[in-house]
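Undergrad: Residue-level listing of the chains:
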Amino acid sequence: MSTDKSSAASLSEAAVPVIACKGLWKVFGDAPESKLQDALTQSGGDARAAADLLIKDGMIAAVRDATFEVHAGEIFVIMGLSGSGKSTMIRCISRLMESAGGSIEIDGEDILKASPKRLIELRRTKLGMVFQHFGLFPHMTVLDNVAFPLKMQGQNKQTRHARALEVINLVGLEGRENSYPRELSGGQRQRVGIARSLAADPELWFLDEPFSALDPLIRRQLQDEFLGIQSRLKKSIVFITHDIAEALKLADRIAIMRDGEIIQIGTPTEIVLNPVDDYVREFSRDVAKGRHARVASVMTAAKTIPAPKKGQPALRLDMTLEDALASCISTYKPVTVIDDQGKAIGVVDPGDLAAALQVEAT
Amino acid sequence: MLTAIFRESGARAAGLSLLAGVICWILVPYVSWLTVWPTAWTLPTTQWIGGGVGWFLELMKPTGRGLAYLLEFPMDWTRLTLVNTPWPMTIGLVTALGWYIGGWRLSALGAVGLAFVLASGYWNESMSTLSLVAISVPLALVIGGAIGLLANEYPRFKGPVQSVLDVMQTIPTFAYLTPLLVLFGFGPVVGLIASAIYAAPPMARNVILGLERVDPEVREAAIMSGGTRTQQLFQVEIPTASQQIMVGVNQCLMAALSMVIIAAVIGGFNDIGWEVLLTMRKAQFGQALLAGLVIVVFAVVIDRMSGALAQQRQQHDKRVVWGLIVLGIVASLLTWGQLPNVSDYAFFDPSAEYVDRSLGAFTAANGAALDGIKNGAMFYMLLPLRIGLDDAVLTFTWGFDWTAGMTLGLFAVAFAVGLLLAWRGHVVGGILTVVAVGILHTGVSQLPWPFVMVGIGAVAWVSGGRRLSIICVAMLVMILLSDLWERSLLSLYLCGAAVFACAVLGALTGLLCAVSPLAWRIVQPICDMLQTIPLFVFLIPVLMFFQIGEFSAFLAIIAYAIVPMVRYTRHGLTTTPEDLIEAAVSSGATGPQIMREVRIPFAAPTILLGLNQTILYAFAMLVIAALIGTTGLGQSIYLALGKADVGLGLAAGAAMAMLAMIADRLVQGFADEQRKALGLNG
Ligand SMILES: Nc1ncnc2c1ncn2[C@@H]1O[C@H](COP(=O)(O)OP(=O)(O)O)[C@@H](O)[C@H]1O
Ligand SMILES: [Mg+2]
Chain E
1 MSTDKSSAAS LSEAAVPVIA CKGLWKVFGD APESKLQDAL TQSGGDARAA
51 ADLLIKDGMI AAVRDATFEV HAGEIFVIMG LSGSGKSTMI RCISRLMESA
101 GGSIEIDGED ILKASPKRLI ELRRTKLGMV FQHFGLFPHM TVLDNVAFPL
151 KMQGQNKQTR HARALEVINL VGLEGRENSY PRELSGGQRQ RVGIARSLAA
201 DPELWFLDEP FSALDPLIRR QLQDEFLGIQ SRLKKSIVFI THDIAEALKL
251 ADRIAIMRDG EIIQIGTPTE IVLNPVDDYV REFSRDVAKG RHARVASVMT
301 AAKTIPAPKK GQPALRLDMT LEDALASCIS TYKPVTVIDD QGKAIGVVDP
351 GDLAAALQVE AT
Chain V
1 MLTAIFRESG ARAAGLSLLA GVICWILVPY VSWLTVWPTA WTLPTTQWIG
51 GGVGWFLELM KPTGRGLAYL LEFPMDWTRL TLVNTPWPMT IGLVTALGWY
101 IGGWRLSALG AVGLAFVLAS GYWNESMSTL SLVAISVPLA LVIGGAIGLL
151 ANEYPRFKGP VQSVLDVMQT IPTFAYLTPL LVLFGFGPVV GLIASAIYAA
201 PPMARNVILG LERVDPEVRE AAIMSGGTRT QQLFQVEIPT ASQQIMVGVN
251 QCLMAALSMV IIAAVIGGFN DIGWEVLLTM RKAQFGQALL AGLVIVVFAV
301 VIDRMSGALA QQRQQHDKRV VWGLIVLGIV ASLLTWGQLP NVSDYAFFDP
351 SAEYVDRSLG AFTAANGAAL DGIKNGAMFY MLLPLRIGLD DAVLTFTWGF
401 DWTAGMTLGL FAVAFAVGLL LAWRGHVVGG ILTVVAVGIL HTGVSQLPWP
451 FVMVGIGAVA WVSGGRRLSI ICVAMLVMIL LSDLWERSLL SLYLCGAAVF
501 ACAVLGALTG LLCAVSPLAW RIVQPICDML QTIPLFVFLI PVLMFFQIGE
551 FSAFLAIIAY AIVPMVRYTR HGLTTTPEDL IEAAVSSGAT GPQIMREVRI
601 PFAAPTILLG LNQTILYAFA MLVIAALIGT TGLGQSIYLA LGKADVGLGL
651 AAGAAMAMLA MIADRLVQGF ADEQRKALGL NG
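Chains as they are written, first to last, in this note's numbering: chain E, 1 to 362; chain V, 1 to 682.
Just so you know, these hints were derived from the structure itself, not from any lab. Note that the Cβ used here is the ideal one computed from N, Cα and C, for glycine as well. Just so you know, not all the hints are guaranteed correct.
Stated by the list, open to error - Calculated lysine-lysine pairs in the DSSO-like style (CA-CA distance at most 30 Å, straight line):
no., chain 1, residue 1, chain 2, residue 2
1, E, LYS56, E, LYS35
2, E, LYS113, V, LYS158
3, E, LYS35, V, LYS158
4, E, LYS117, E, LYS35
5, E, LYS126, E, LYS249
6, V, LYS374, V, LYS282
7, E, LYS249, E, LYS117
8, V, LYS643, V, LYS158
9, E, LYS113, E, LYS22
10, E, LYS157, V, LYS318
11, E, LYS126, E, LYS22
12, E, LYS56, E, LYS22
13, V, LYS374, E, LYS56
14, V, LYS158, E, LYS117
15, E, LYS22, E, LYS234
Claimed, not checked - Sample of chain E residues lacking proximity to chain V, with all beta carbon distances greater than 10 Å (derived):
no., residue
16, ILE55
17, GLU121
18, GLY228
19, ASP252
20, GLU270
What the hints assert, rightly or not - Label pairs and their calculated CB-CB ranges:
no., chain 1, residue 1, chain 2, residue 2, range
21, E, ARG182, V, VAL164, 31 to 39 Å
22, E, GLU166, V, LEU518, 23 to 31 Å
23, V, VAL164, E, GLU270, 54 to 62 Å
24, V, ASP317, E, ARG182, 21 to 29 Å
25, E, GLY186, V, PRO592, 40 to 48 Å
26, V, THR81, E, GLU166, 50 to 58 Å
27, V, PRO216, E, ASP340, 48 to 56 Å
28, E, ASP38, V, TRP423, 29 to 37 Å
29, E, GLU166, V, LEU580, 25 to 33 Å
30, E, GLN221, V, TYR154, 57 to 65 Å
Only chain E is shown next, with the shape it has when bound in the complex (with noise of 0.2 Å):
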């Protein structure tokens, strides 16, 4: 699954990405622009120095020089504890905040510049969002919900009940359509919530945890409807959570962030494998890394490679080491590991194997 990821996030990367944000800032407080423009000035564009500045002179600084792109077709997922200030990310992207600093561009458009029309044009045909606690109208059936943007546009009634229909139908709500809100269960309601920003069929799709709020079980059912989803519509996505285990999941890329700053961008295996430092660590202390981790980083180049025995079977370098653990639990010599083409380059002590395990499990 990762592997194919990847690798369409790195076909696009040439192309112009669809989110691309420079040195962002939100800055919460009165006259956030001009203190931010004074704060870097005297920290000399010192980040860190001109946030504790902010911080002193009784400002909140929620978002913290964020740089990062999101590409076409990928999952950008934003992990961090709560308060890192991932919302409040978001909501600059889409300008339900006012940034204080640095540049967004959406499809090369400098959305800062956006008039009010343009904006209520891209949030029309261009942007969808799903919000943690659903956000439905609750005076308004399921129908009446997912036909709202629709509405906004001004298509008629048969039109836009058609479509709505038809989303319904796609996260599996059908059957429903004249309920209302208050009398779904939460799974059900943020199926409504997804069908409605999935209405006006959208090219960037924001969603901020929209999982959090639901029992586990649930949610890992709606994970896998989302990827489901997600497999046919191509959609470009920034997806929010604080839930690591998600992250690894759904995730082409992540960006974790904490105290509005982020603090490191990468593959799940990146970031289980390499983490910058202690924070990003701790997140993924408790991950199963047996599922993550790839058999690459436990291999050692050996003088001497031994060809790959009869029967059985040689890991591979993107193994993860779970799956490699099993294939070689009965053997205690070095196993050999072969790479795409089939050409031995290195070996496994089955040792490593299992102590990498253990120690990640502590």
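Dock chain V with the ligands against chain E, hints included.
TA: Showing chain V with the ligands alone in chain E's frame:
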């Protein structure tokens, strides 16, 4: 740490008050202007306001009179329509409306209520009143709604708008009437406009509140769906806030009804409020009670029906609605021209006469007992509080005269108790005991002004800091300089006595209701009823038994103002978080221990808010009670209305509003303090 500081500042404030009291005590015999502010030193504020506002009103008068003239048309039309619609039709429509809103219950309520009104013979008067409400409420809804939307759309205005609404809530009802009287001339239009002005703030408040409470994600969902601001507002935010807005409609209706009835004191309109006033003045209490009941019936019907709109409700069969309407039409057609004049229905006149006769017999038989109650309360409670023990204790009242020796003894005891308390660690309590005894000895109405200012300033400091303290003292200085000081103290005394009684009785009742569900089942409908009854009606029963005078006013204020105290106390005591109770139970606490150690401390902020409401209610009723004889600001406002004296009316009204605001802020401050101490909402 925090509590230590708080205690310390509390002790300092109490000490300061005591010091001011002692200095005043010593100086008063030599410096008379400490108690009686010389008229020569006052500013002619009343005249200034009268002149300034009077000039403005004169300027606006042509416009006002024009508007009054224009408003008279819709008013007359509505009245003629309502009065001339055959009653079977009206009852049919109201019953149908009741069904539509709330099924058979409300439908039955409407039918029975209107049948009662019909049978009472007050149908036409009621329809006159209703026509005023019918015009003023839409006005109030539009004005209030527009203000609410404006405040919501332009956050800059929100703060100022809310302060204005706060102030409007504290301005006494009669004070509105005087300038309107000058502007629009005598007549029902004044009542109409006054009630529109009076009823708009609750609407505005609830619109603001409702829109504020719209879930931010719902708001964002509307934006992200690509709605324009208008689309967001009208298709998402307002419908989402509709329940809160309907609460506003309900409050607006009740306020309008209340004001329309109060405005009857202006006269000139044959409405039900006027009927109450008239019969009360003629001491026809049976009829007054009957007319009062008609008002209550209207209030209840309007309140329950509009209240039901603010709740989740299920659909009721529409066919019944049409059936009831058709029934009304058919009945009207069948009886067309044959119905006797509605004013001739007088099914309850015998009952009214019976009430009068029985009341006569009762007062004749129990006059001594009633006088005993009244005089007891006056001589032993109200009078000492008003003029102090030294003046109130006379041979005529207490059987002996107050002597200097008694003063000495009283203070000796007070100091002893105070010292004991201080020694036990309750420094504030100790000082306050001495101060309280001092106040009781002097009498509230004769307190030296420096003491009042220092005392209130100090309390304000403790409650809300320097800013509040300065504001409070500035307001008091304004009152002092405006020659309204004595009247203010009189109002303060009566209000204070009533609030004190409410606090004690209300807290006890609330406690009882919190402990016993049975008690609450009995008390709750009484509270509901008391809160629905327009202010005016409270005067009837107290007058019946205790005639005109301060004691009747005192009782009327208590009857009206006690409700929030009961409600909030019970609510506070019964909504302690379950886990706290469980923790206490598992620590082995008994029921009374849980009450004392967990429930009561936790309920304190809520109870304080109840006290706050009680104070505001008491001030509101104080003015109405001027009709049955109080002294002080209320009386001035009422007199000003009679003389169309804008200056006096507004100045006294403003003084009253200031007193109410001071009390409001002080209590709110303490409630906030408590809440913070408990870690509730920050
Ligand atoms: N409207 C606001 N005003 C002031 N501070 C805010 C506001 N919204 C969010 N914040 C602050 O910004 C920080 C980031 O919040 P948020 O983006 O909601 O975090 P997350 O979504 O990662 O949990 C928090 O410290 C929060 O208190
Ligand atoms: Mg968030």
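Undergrad: Look at each hint and say if it fits the structure.
TA: Verification of the hints:
no. : hint                               : in the structure
1   : E:LYS56 with E:LYS35               : holds (12 Å)
2   : E:LYS113 with V:LYS158             : holds (29 Å)
3   : E:LYS35 with V:LYS158              : holds (25 Å)
4   : E:LYS117 with E:LYS35              : holds (29 Å)
5   : E:LYS126 with E:LYS249             : holds (26 Å)
6   : V:LYS374 with V:LYS282             : holds (22 Å)
7   : E:LYS249 with E:LYS117             : violated (38 Å)
8   : V:LYS643 with V:LYS158             : violated (37 Å)
9   : E:LYS113 with E:LYS22              : holds (15 Å)
10  : E:LYS157 with V:LYS318             : holds (26 Å)
11  : E:LYS126 with E:LYS22              : holds (21 Å)
12  : E:LYS56 with E:LYS22               : holds (25 Å)
13  : V:LYS374 with E:LYS56              : violated (65 Å)
14  : V:LYS158 with E:LYS117             : holds (26 Å)
15  : E:LYS22 with E:LYS234              : holds (25 Å)
16  : ILE55                              : holds (19 Å)
17  : GLU121                             : violated (7 Å)
18  : GLY228                             : holds (23 Å)
19  : ASP252                             : holds (23 Å)
20  : GLU270                             : holds (32 Å)
21  : E:ARG182 with V:VAL164: 31 to 39 Å : holds (36 Å)
22  : E:GLU166 with V:LEU518: 23 to 31 Å : violated (58 Å)
23  : V:VAL164 with E:GLU270: 54 to 62 Å : holds (59 Å)
24  : V:ASP317 with E:ARG182: 21 to 29 Å : holds (23 Å)
25  : E:GLY186 with V:PRO592: 40 to 48 Å : holds (42 Å)
26  : V:THR81 with E:GLU166: 50 to 58 Å  : holds (52 Å)
27  : V:PRO216 with E:ASP340: 48 to 56 Å : holds (50 Å)
28  : E:ASP38 with V:TRP423: 29 to 37 Å  : violated (57 Å)
29  : E:GLU166 with V:LEU580: 25 to 33 Å : violated (51 Å)
30  : E:GLN221 with V:TYR154: 57 to 65 Å : violated (45 Å)
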